[in-house]
Amino acid sequence: MMRQENAAGNDAASSFGSGTTRAASPARARDLGVAFDGTTGPCNAITDVPGVRVGYSTIISDAEHMHGAQAACTGVTAILPRGDDVESPCAAGTFALNGNGEMTGRTWIEESGSLTTPVAITNTHSVGIVHSAIDQWLFKRCPRKAAAWMLPVVAETWDGYLNAINSQHVTLQHVFDALDCAISGPIAEGNVGGGTGMCCYGFKGGSGTASRTVTLLGKTYTVGAFLQCNFGKRYELNVHGVPLGRDSKAPNPMQETRWFEEESGAPNPPEGSGSVIAIVATDAPLLPVQCKALARRVPMGLARTGTTGGHFSGDIFLAFSTGNPGSLRSSMAAEEEGRALDSMEFVAWGLMDALYEAVAQCVEESVVNALVAARDIVGRDGHASYALPHDEVRRAFMR
767 MMRQENAAGN DAASSFGSGT TRAASPARAR DLGVAFDGTT GPCNAITDVP
817 GVRVGYSTII SDAEHMHGAQ AACTGVTAIL PRGDDVESPC AAGTFALNGN
867 GEMTGRTWIE ESGSLTTPVA ITNTHSVGIV HSAIDQWLFK RCPRKAAAWM
917 LPVVAETWDG YLNAINSQHV TLQHVFDALD CAISGPIAEG NVGGGTGMCC
967 YGFKGGSGTA SRTVTLLGKT YTVGAFLQCN FGKRYELNVH GVPLGRDSKA
1017 PNPMQETRWF EEESGAPNPP EGSGSVIAIV ATDAPLLPVQ CKALARRVPM
1067 GLARTGTTGG HFSGDIFLAF STGNPGSLRS SMAAEEEGRA LDSMEFVAWG
1117 LMDALYEAVA QCVEESVVNA LVAARDIVGR DGHASYALPH DEVRRAFMR
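In the working numbering, each number is its position in the sequence shown, counted from 1, plus 766.
Since the hints were derived computationally from the structure, they do not count as laboratory data.
Here the structure is a predicted model, which means the values were calculated and not measured.
Careful, some of the hints might be misleading.
[Stated by the list, open to error] Label pairs and their computed distance ranges (CB to CB): (1) Thr1023 / Phe1078: 32 to 40 Å; (2) Glu1029 / Glu876: 36 to 44 Å; (3) Glu876 / Gly849: 51 to 59 Å; (4) Gln836 / Met1164: 36 to 44 Å; (5) Ile949 / Gly1092: 51 to 59 Å; (6) Asn932 / Asp850: 42 to 50 Å; (7) Leu1107 / Phe1026: 53 to 61 Å; (8) His1077 / Tyr1122: 24 to 32 Å; (9) Glu1028 / Lys985: 54 to 62 Å; (10) Cys809 / Gly1031: 19 to 27 Å; (11) Glu1111 / Glu1029: 49 to 57 Å.
Quick reminder that beta carbons are idealized off the backbone N, C-alpha and C, glycines included.
Based on the provided sequences and hints, a complete structural model is requested.
Below you can see the structure in the form of structure tokens.
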């Protein structure tokens, strides 16, 4: 039996052993006393950026079936930059800190400066099916656009420790569901969507988000981040300046057992192998090159949580702006539409520092939110991943 949960606001229960467990403790880092810098939006999520929606399909085998080689512990996250408007481009830019990973569509973003499709995040071996599903989903909604070309953005991190990654559990319908259920407002974190089977800093990882508001010459804008966290060495973890990873009592079987050697005959991957995908959104009007500058600031936030990056990690980031609606269209009918020239407003370069700061703050908090929201889980063949203990966080921050 397989359980799928696709409501963006519903936290997915985690199968552990013979039953299902939910921690009764709070679900976000601030509830445990972590006082991050900056002013958040109302939901402290990427969905605080007007128009941005997030949806999940979470795929987990029922507990009694989790120990088989075909066990599912995976999913899909969908991000719609402009909600129902899937035809208007957004200014966008990308940056890769380390390239052992994939984000499709980057070449066109780098060429045109525009993001023209929804964004999806999943596991490494499901990029193809998710890409195809977005094509089909867009074709049903805007066939004229689909008749030209579509280059969906699909990113991935590897969940093969918990998920039978070669069993291709993600289907077209899972992707359709994630896109169709995408919502604004509060969204779930931790073991949901593409983050379902991910591990971070030797703990259970997954999906995390945060937002900040920035006022520039009297006008307020929002910056939001969404991360799929599957990176970092246990001893590196710092939570807002406190080194919690090295002294944690939580088991770390992914690193402490010889699971990979037993399966493949090769040594276990180096600690910290994995990836992180970050999506940054803002309603501040920006040029594509300014979006790229925001994407380059993602590592500043990651570094605050302790990571130094790793060779076997794919750390790939996308930033987009929902300002300037109607600009950056790349239409074959431009001549017929009388569009010889395009125009855009953009934040003065001298004011960009406030947006850079917001990105670093959002990314830092998103990582910790993913760790705090995550729950213990047992995946394929009895592989277990344990969440960051909430009591360890409380002791560090609740004076």
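Earlier hints that do not hold, by number: Violated: hints 1, 3, 5, 6, 10.
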